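Novice: Take a look at the letters that make up each chain.
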Amino acid sequence: MQQFSYVIKDKEGIHARPAGLVVAQAKQFAGSVTIENKGKTADLKRIIAVMALCVKSGEEVIVRVDGAGEEAAAAAIEKVFRENL
Amino acid sequence: MKAYKGNRVFEGYALGRLAVYSAIKVEKAVGLGKEKEFERFCHAREETVQALDVSYAEALEKLGEKEAALFETHKLMAEDLDFEDAVNAELDGDVTAEFAVQSAGEQLAEIFASMDDAYMKERANDVREVASRIISFLKKDVKGFVLEEPSIIVCDDLPSNELMKIDRDLILGIVFVKGGTNSHVSILTRMLEIPSLCGVDGMVVDESLDGVYAILDANKGDMIFEPESQVVADYTARKRSYEEEKEKLQAFKGKPTLSRDGKKTEIYSNIASSFEVENALKNDSEGIGLFRSEFLYLESSDYPTEDEQFEHYKRVVEAMNPRQVIIRTLDIGADKKIDYFDLPDEENPALGFRSIRICQARPHIFLTQLKALYRASHYGNLAIMVPMIISLSEVDFIKRTAAQARDELRASGIPFKEDVKIGIMIETPSAAVLSDLFAEQVDFFSIGTNDLTQYTLALDRVNPNLKEQFDPRHRSVTRLIKTVADNAHKAGIPVGICGELARDEILLPFFVKIGIDELSVSPAYTLQLRKRISEIDTKDVDLKDFI
Numbered sequence: 008m009q010q011f012s013y014v015i016k017d018k019e020g021i022h023a024r025p026a027g028l029v030v031a032q033a034k035q036f037a038g039s040v041t042i043e044n045k046g047k048t049a050d051l052k053r054i055i056a057v058m059a060l061c062v063k064s065g066e067e068v069i070v071r072v073d074g075a076g077e078e079a080a081a082a083a084i085e086k087v088f089r090e091n092l
Numbered sequence: 107m108k109a110y111k112g113n114r115v116f117e118g119y120a121l122g123r124l125a126v127y128s129a130i131k132v133e134k135a136v137g138l139g140k141e142k143e144f145e146r147f148c149h150a151r152e153e154t155v156q157a158l159d160v161s162y163a164e165a166l167e168k169l170g171e172k173e174a175a176l177f178e179t180h181k182l183m184a185e186d187l188d189f190e191d192a193v194n195a196e197l198d199g200d201v202t203a204e205f206a207v208q209s210a211g212e213q214l215a216e217i218f219a220s221m222d223d224a225y226m227k228e229r230a231n232d233v234r235e236v237a238s239r240i241i242s243f244l245k246k247d248v249k250g251f252v253l254e255e256p257s258i259i260v261c262d263d264l265p266s267n268e269l270m271k272i273d274r275d276l277i278l279g280i281v282f283v284k285g286g287t288n289s290h291v292s293i294l295t296r297m298l299e300i301p302s303l304c305g306v307d308g309m310v311v312d313e314s315l316d317g318v319y320a321i322l323d324a325n326k327g328d329m330i331f332e333p334e335s336q337v338v339a340d341y342t343a344r345k346r347s348y349e350e351e352k353e354k355l356q357a358f359k360g361k362p363t364l365s366r367d368g369k370k371t372e373i374y375s376n377i378a379s380s381f382e383v384e385n386a387l388k389n390d391s392e393g394i395g396l397f398r399s400e401f402l403y404l405e406s407s408d409y410p411t412e413d414e415q416f417e418h419y420k421r422v423v424e425a426m427n428p429r430q431v432i433i434r435t436l437d438i439g440a441d442k443k444i445d446y447f448d449l450p451d452e453e454n455p456a457l458g459f460r461s462i463r464i465c466q467a468r469p470h471i472f473l474t475q476l477k478a479l480y481r482a483s484h485y486g487n488l489a490i491m492v493p494m495i496i497s498l499s500e501v502d503f504i505k506r507t508a509a510q511a512r513d514e515l516r517a518s519g520i521p522f523k524e525d526v527k528i529g530i531m532i533e534t535p536s537a538a539v540l541s542d543l544f545a546e547q548v549d550f551f552s553i554g555t556n557d558l559t560q561y562t563l564a565l566d567r568v569n570p571n572l573k574e575q576f577d578p579r580h581r582s583v584t585r586l587i588k589t590v591a592d593n594a595h596k597a598g599i600p601v602g603i604c605g606e607l608a609r610d611e612i613l614l615p616f617f618v619k620i621g622i623d624e625l626s627v628s629p630a631y632t633l634q635l636r637k638r639i640s641e642i643d644t645k646d647v648d649l650k651d652f653i
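If you read the protein sequences in the order shown, they are chains A and B. Note that the numbering used here has the first sequence beginning at 8, numbered continuously upward. Note that the numbering used here has the second sequence beginning at 107, numbered continuously upward.
There are no misleading hints in this set.
Incomplete in silico selection of chain A near chain B, CB under 7 Å: (1) Arg24; (2) Val30; (3) Ala59.
Just a few of them, taken from the derived set where beta-carbon distance is under 7 Å, the chain A residues facing chain B: (4) Lys16; (5) Gly27; (6) Ile55; (7) Cys61.
Don't read these hints as lab results, they were simulated from the structure. Predicted, not measured: the structure shown is a model, and the values here were computed from it. Virtual Cβ for every residue (Gly too), placed ideally from N, Cα, C.
Let the hints inform the model, and build the full structure from the sequences given.
Specialist: Below, the structure is given as structure tokens:
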């Protein structure tokens, strides 16, 4: 399993547009991808669940990627976070 | 006569008949069995996804990438497994797919609606919009919303795809009784410049409103039903004068900015991100006078790479081509702090480690930015502007680093323009006093009036107790501005002003008189400023009044 943590910089938190970008990237990966925030975990491939976490600016999220090719997948997902959130 | 109050989405007036938009309401009914209904759902979802791809492509063309991205999000919602699970659970009750989608959409929308975050609350509408799209594919026999004559649309909320289907010429105004100012459809409405209100208290949308005559005053937030003839006459006059005023400004589109006696100035835009370039173009800006590159650093958690920067600069430069785009290099420190720069706390940040001073201490950061800028120069008319200059040695440093950037790009065979203009900001008394010497070394000046005022008057611009004394029209400031303009012109280089003072009503005649070549303001003020300049005759302006 690969994991990384990230502090949301975007003023609006994980809002609809970047959530879409992150989920779209996660869906490219066959294995499992989860996101944790404030003790709650959601499937990063499910946009409604991700948005329902209501992650605000300045909060930390932990993303866990598990499965074949997890290193490349984690890097790609992290890149989307960095560039959009 | 009945009246309601709402919040403005976009300004303007509308007088006309109401057209009620209501979402398709599905009644509970027994379906053809779970398996068959699930299959119908899957099929409609497939069609929805395809339709969203089309909407995405349309929005990309009409509105740009940022707005279009929301349709991608809607697509992910349509395909969301939680949504599918909820539909499946509903289908266990032997209902139709339409009803299952409506109920599932409502359940998930409720999750958002119950949040205490205003932005997330409005996302409930995104879920409902997706559900109603799927339902519209399940109920193909139901006729969609059609406008037959110019009308004011009244709705609880309107899915943005529905709005995009309606002929813009038939929409006089829109009232989103339940919508919010940040919803996707509100953003679209602003981009389409439709007079509109949202969040109207106490108003109930039902069919009885269809065809009722009404007045929408989006400037004040008023909605008036069945007004008396006197009121109609009054609003008709208001609407006319408002539109005439707007129309007059439109007459300045595509025109050069000239004073009454023919002196030419250019109106440029200040922007802080590559997305604002559309606004600059829409308002007929003659160039970008200040593109604040800090946003790239502020929005990132680590130093933005050369490639990332290049992409942003290129986007703006390409969109504005052949118009000039002046990009200001890194201006952080003072009130703009970034974690990963790891800057020490300072006693006196405004006089501290900032902008060019950071670049000199950490030249690799500056080199990366200059390389990205030179690469982008290949795609249009780019100019580089460096802030917070006090000494000629800083200009030497800039030129050396720029030469290194060019050498490295040349060695890698990457295309760029050799003769990119390099200018400096004049925002310290030192730079203003030495402007005759600087003028021989750089290609242009841009005066930053906020900092120039702060440093000249020794008044902290962010101290609320000094607000009264903070006077950018102080003669010490205007005299410096005059000196800078004269020195620039003696050396044959242009001088601009990129602070908010550029649109100061009192100083505008002074700026035109001393031959400021370019005034850079927020895009929305472009046409107003052009109009005001056209009313100035510099022969009537007495410099003694200003300096």
